[in-house]
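Please put together the full structure from these sequences, using the hints given.
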Amino acid sequence: MEVKPTQRLFNVGQRPDELTLKPRGDKPWHRLRPPFTRRHWLAWRGVYNPKSLRRERRLLDKRPLWWGLGLGGLLVVTPFMSEQMINIAAIFCIFSAINVIWTLIVGAAGIFSLATMAVVGICGYAAAAANVYLGVPWPLMMPVGAVVGLVFGLFLALPSTRLDGLYYALLTLGIAEICRVSITQIKALAPNNSSINNVDSFIPAAWHLQRPGLLVGFAAAFLLLLAALLVFRLVNSERLGLLLQSAREDEAFSEAIGIDYRAARWWVFVLASCALGAIGAFYAMFYRSISLAVFSLDQLLLLFAMIVIGGLGRSEGAVLGTAVVVLIDKGLIGLGPLRIIIVTAVMIVVALFARDGLTGIKAQFRGFRNRKKSERRAARTEKGGEVMPEEATEIADKQLVYRRLFDKRLRDSLKALITPELIAEHRAKPLGQHTDALDRLLNYFRREEMPDKYGILRVGPLTSCSYRVIALSGRAGHPPRVVDDKLYPTLNEAFHAVFLLRVNDLLAS
Amino acid sequence: MMDASLFTYALYLAAIYSLMAIGISLLWSSVGMVNMAHGATFAISGYAAYFAADWMMPLVKAAVDGPQSMTVLAILTMAVGIVSGAIFGIVIYLVAFLPIHDKPNFAVRSLIITLALNLASVQALLYFFGPQQKALPRFLGSGRMDLFGIPVRIDQLVTIVTTVVLLGLVLFWLRVSRKGLEIRAVMQNSEGAALCGISTRWTALPIMMLTGALAGVAAVLLSQNIFVNPTAGATPLIKGLTIALLGGLGSVPGAVLGAILIGFLEAATGIIPFLGQRYVLVVQFAFIVIMLVIRPRGLGGLLDETRE
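In order, the protein sequence lines correspond to chains G and A. Taken in order, the first sequence gives residues 1 to 509; the numbers are from my numbering. Taken in order, the second sequence gives residues 1001 to 1308; the numbers are from my numbering.
It should be emphasised that the hints constitute simulated quantities derived from the structure, not laboratory data. Since this is a predicted model, take the numbers as computed values, not measurements. From the three backbone atoms N, C-alpha and C, an ideal C-beta is built for every residue, glycine too. Just to be clear, a hint being listed does not mean it is correct.
As the list claims (entries may be wrong) - Which residues of chain G face chain A? A partial, calculated answer using Cβ under 7 Å:
#1 Val181
#2 Gly334
#3 Leu335
#4 Ile348
#5 Val349
Said to hold, decoys possible - Non-contacting residues of chain A with respect to chain G, defined by C-beta distances greater than 12 Å in every case (computed):
#6 Thr1008
#7 Val1072
#8 Ile1160
#9 Ala1234
#10 Ile1260
Here is the structure:
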């Protein structure tokens, strides 16, 4: 019995192994929405894959996936880690929350404020003092911090629209210094080296610095980070954020169409200060004390390094940068001053090579790859009928692009075959059996397209006729045109004349 | 209240601050970067000067005797400070300017890199030399002399005179030399200068070296009064930056005026009984905050407007 060879199927497309979701064609597509909104949780899109000719479901924005993996992983792994690592994870969450809110001020509102830690510190002090000296219970400390942050933010926001860029940065740096010095001058705090200790906390006093206490602290810090991300999302991607985005793209234009971007900036700044105030109160509760170290310039610069390494203006950048710097700073604490040098080395490398920090690397790499691709394509192209790179992007059917490249190569090889002997051979015998080279040439000529294809027209009566060369129009209803007024007495000579014209066209192409 | 010694003290502070502020201001207006590593240049030149003075002291004492030996040592140490400042300027040029000066986001990225350089150099100094403070020999003298009937501390007088002379030389060089002309062209319009064939790279290098050298001079002069330690650069950096901003970035007269104002303010705050030395920084920042709220573009903006 004859064995039938197994059929081999080739996978089509650039990444045939990529997992794609196939939608069920027979069922309506349900998408989950957050309650009371018309938004979707995930950006699913149905697309048609032109390579595999299949319908696919694609997740257009994969960031929620990464967020889920990263934060979920942290939440799952942390309870099994050592106590030191739990503490590091909690500190990471707190700093991430601060940085996410700071990103809102710097990135979304475009206000270059360095008073972040000043707001956190002042509100932390205020909340701690309210607890210790006024007896405010700990659940009310975060609202107290938020209110103080609101007031302080209103005060800080006054000059923010008047000064720009560096000048405002300097001003806020000055305000941070003023805050630090004025706290050192409070007489009541002087015995404790200007710190407030024994602050009540959500962590029971008996658990302080014990494993359950650390776990509670981490859980609360994690919730704080989630809340900060929610604030970022609500401000940055809703109405205020859209107004500010238009201002970032073109200030004059957005003002001309009636967007009051100064008011929007002001609102974002005040809201962010309010959030920072709440974080400050949390900070005091987490450590059960607050000291002047909050205001130190080194701490501020380290926070700045975090948002810069991750990428200014993005929440994922703030969190990623915080993770990198906190891991180096707290994880390698045995290295001493060397770890700050490592942080600065990372900073320099990121600033030198990545335009927008770590989270901007993907877009930057894509741009780089596209540029190199088009450079290579441009270098490879010779003129001669095939598709130019700028044209290629506009032809949907890529088979056509390749067909023209193939045609060009074929013509190049055929041109090499044309010799005087070959032409003499055709003149001697236009029809009948030919050499291989002439056969190839004639085969190519027979495949030409109809427009401008040559034909032979008989002129005069059948008994004493002569022949003339014409070119077909290629369009129905349009007559052929006469190529020249030469008359050929025999059909063979006319064949040869057409052959010469075609050879001429081939060599000229 | 404002007696003569206070007056010279204020001028002395103004001299040191203007050396720092003009460096930052020049660099911003010509190259377009905020040099946060200026404090690191200050600290490193201070260390270089300390080690040079330590090493040269016996050699100079052996070669020259009498009171001239201190003068020779002062000149040599100053030279070491200038050279090391200029060399660190080249380092900043190579790391923070050359690779990215024509890339997007240059202003922010160079600020980040210089900030990182600053942090790294402070930590490196701490790592290699420890947190101990080093005292340079008092080669500028410590006595007082009478100047038109006013008792003046000699080191302060030397500092003021050196600064005025050096800044005068720098401004004169900027005014008359070919390179100075190129630098001024870049300051006015960097694109226009590039179109006229002035290389941004070869103009930025001397500016970096010049500003580094100015920081080196400031380090040697100030280290007569304070000790050299790894974080010694932080205060001069902040003072220089604030004064450069107060003067309006890019304006040399604004920077000088700002330095004089801040110098007098600092000297005056120190002696007011209920304020005292602890509040110097607060008073300064409060003054600058008020000034910036009144004049958002700094003092230089004011001068520019009147010129027009």
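With 12 Å as the threshold, tell me whether A/Thr1008 passes as away from chain G on beta-carbon distances.
holds (27 Å)
Agreement of hint G/Val349 with chain A interface, Cβ distance less than 7 Å:
violated (9 Å)
Does G/Leu335 pass the interface check with chain A, least Cβ-Cβ distance below 7 Å?
The hint is violated - G/Leu335 has no Cβ within 7 Å of chain A, the shortest such distance being about 10 Å.
Minimum Cβ-Cβ distance from A/Ile1260 to chain G exceeds 12 Å
holds (19 Å)
Would you check whether G/Val181 satisfies its interface hint, that is, whether its CB is within less than 7 Å of any CB in chain A?
holds (5 Å)
Chain G versus A/Val1072 - minimum CB to CB distance exceeding 12 Å, so not interface
With a cut-off of 12 Å, A/Val1072 remains clear of chain G, as the shortest Cβ separation is near 37 Å.
Mind checking the CB of G/Gly334 against every CB in chain A and telling me if the closest is under 7 Å?
Where the cut-off is 7 Å and the nearest Cβ of chain A is about 14 Å from G/Gly334, the hint is violated.
Is the nearest CB of chain G more than 12 Å from the CB of A/Ala1234?
violated (7 Å)
Whether A/Ile1160 stays farther than 12 Å from all C-beta atoms of chain G, as the label says
With a cut-off of 12 Å, A/Ile1160 remains clear of chain G, as the shortest Cβ separation is near 27 Å.
Restraint check, 7 Å cut-off on beta carbons, for G/Ile348 near chain A
Hint on G/Ile348: holds, closest Cβ of chain A at ~5 Å, below 7 Å.
Of the numbered hints stated above, those contradicted by the structure are hints 2, 3, 5, 9, listed in ascending order.
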